[in-house]
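Going line by line, the protein sequences match chains A and B. Under this note's numbering, the first residue of the first sequence is numbered 1, with each subsequent residue one higher. Under this note's numbering, the first residue of the second sequence is numbered 1001, with each subsequent residue one higher.
In case anyone wonders, no lab produced these hints; they're calculated from the structure. A quick note: this is a predicted structure, and the numbers were derived from the prediction, not measured. Where hints are given, some of them may not hold.
Sample of chain B residues facing chain A (criterion: CB under 7 Å; computed from the structure) [said to hold, decoys possible]:
#	residue
1	ARG1005
2	TRP1014
3	ALA1051
4	GLY1053
5	LEU1057
6	PHE1062
7	GLY1084
Just so you know, even glycine gets a beta-carbon here, dropped at the ideal spot from N, CA and C.
Now for the letters of each chain:
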Amino acid sequence: MTPQRIDLAVVGAGPAGLAAATTAADLGLDTLLLDEQDGPGGQIYRGIERAPDGRNKTTPLGVDYLAGKPLAAALRASRAGYLPGTTVWHIDADGTLSVLDKNGSRTIRARRIVLATGAMERPVPIPGWTLPGVMTVGAAQILLKTGDLVPAGRSVLTGQGPLIWLAAAQLVRAGAPPALILETAPHRNYHAAARLLLRALWPARRQLAKGLGLIREVRGAGVPVVREAVGLAALGRGRLERVAWNGGEIAADLLLLHEGVIPNIQISLALGLEHRWDAAQLCWRPVADEWGATSLPTVAIAGDGAGIAGAEAAALTGRLAALDAAALLDKLDPAERDRRARPIRKALKRELAIRPLLDALYRPAPPVLVPPDDVVACRCEEVTVAQIRRAARLGAPGPNQAKAFTRCGMGPCQGRLCGPTVSAVMADALGKPIAEIGTYRPRAPYKPITLRALAGLGASPSAGS
Amino acid sequence: MFRKRPEGSAATVWVTVEGREVQVPAGASAAAALLLAGLAATRETAVSGAARGPYCLMGVCFECLAEIDGVPNCQSCMVTIGPGMAIRRQHGKRIATPQ
Ligand SMILES: Cc1cc2nc3c(=O)[nH]c(=O)nc-3n(C[C@H](O)[C@@H](O)[C@H](O)COP(=O)(O)OP(=O)(O)OC[C@H]3O[C@@H](n4cnc5c(N)ncnc54)[C@H](O)[C@@H]3O)c2cc1C
Ligand code: FES
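Please model the entire structure based on the sequences and the hints provided.
So, in structure tokens, the structure goes:
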């Protein structure tokens, strides 16, 4: 079968991808937006088209969630093609995308690609985190966004970051307040952040007020908060029964973890794009210029996948990537591109003003990156931190070699969840900076797929089969 | 582990979880159906047989592998439920990995 030919493929229909696809289509590019979810919105606006309309209805998810409505509506009104339920499982440097939907696998040939695959929650390896009943804060949010489901019984939220307060407020409004919040932000973060506060105070006043409002709302609802919690552990036999920390223990049915979000770099790593260790956000990020252009000429990257900046910034960087694509494909004069980019950059600068403060305030404590020895780092292959240390001592110079020693990163998640831990633990064991240790180089398929699907014979209900 | 919010949207879909009929809000995933049915543990690991359940619900961790309509190894958090969908826990099966 000859591949479908288009100007621009946008991978991911979160705010970045929605804005990129809509802008590109408006500029006359033959554009296709692909996403494995069954509706637009990405992580923040997941399930947005099912949400009630903003004006007269309310949702526990809040007004910021409803801000996704116009983005999704603009996509629907645009000439961009949109393929939901479509997983991109391979991208070739020449612009060929292999995609899988319920009818099987096929290829699309794009002159340019914008990756807008977003972020994932940072893995939080604590003792017992593999027990059923331990999930992420984002997972609970997803259940609320897509199914109006809330925790039954006693839920404990632990971690830090703006999202934990947002999620806690959403659960309070949904009638399912957490039994306890264990906040893990180390006290020294406050000192580091205090110095940055003055600079962010005015430009980021709106976001700061919002954040403080959420904390007040959660505390006002009577949710107890333990600050500077350390030594967290999930306890139970066969499933979560209790949550312990240095100084206490509580019975719990559900433990929700969150230590911020990090770029989802599975595809950008597999493509061999240049990445660098971001010492402020403590994560790997692809190297991209002010238009999102990467070390591969056909591929640009927008949104949180290029570095965590939040949903509004994601939409702005999506627009910039689309403008650049239009200029590169001769649909837009470069001077006109620059002119149109100016107000977008101004807005982006405003959005980014709060980042240094948030990065300092919510910097994960060291054990999040380098957990205690007996903790499982690789959930799929059940490899502990101690085993990774041992591999480093036995001569594995980096994560890709540690795989061969321990099988870590060789399970179905392909290292998505152990990658950050393996890099940090090896760096710690070898006394080297993480930047020098590197990270996994994953390979396609980005998700395990069957031969049946490869043969174009139709896929089973998911790409995971 | 999870319950439906009473004020939530009215549209629901009937599916079966482990052969038992469960009414699930439309738009939810098969993993959500497992959780709504009260199943915390949805599979066992291939390595040690330890109980596991969904962790991320966004397609990253592959902990939610389940059997859907007879097909094993489905990433159940990425599958939206449909009427009559049959969802089952998965016991110790190993997924083919690309490496
Ligand atoms: C679970 C979770 C919940 C979050 N909730 C909030 C929130 O409520 N409020 C907030 O301010 N921020 C939230 N964030 C932060 C979030 O990163 C936002 O800032 C925003 O969603 C980023 O937008 P984006 O467009 O860059 O990417 P995303 O919104 O993450 O969109 C990426 C899209 O790419 C798709 N995708 C990824 N890989 C593939 C592939 N191989 N093939 C096809 N499609 C693919 C995904 O399905 C997804 O729809 C959340 C993050 C996570 C991880
Ligand atoms: S729960 Fe993580 S992939 Fe489904």
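Against the earlier hints, flag every one the structure doesn't satisfy and list their numbers going up. The structure breaks hints 2, 7; every other hint is satisfied.
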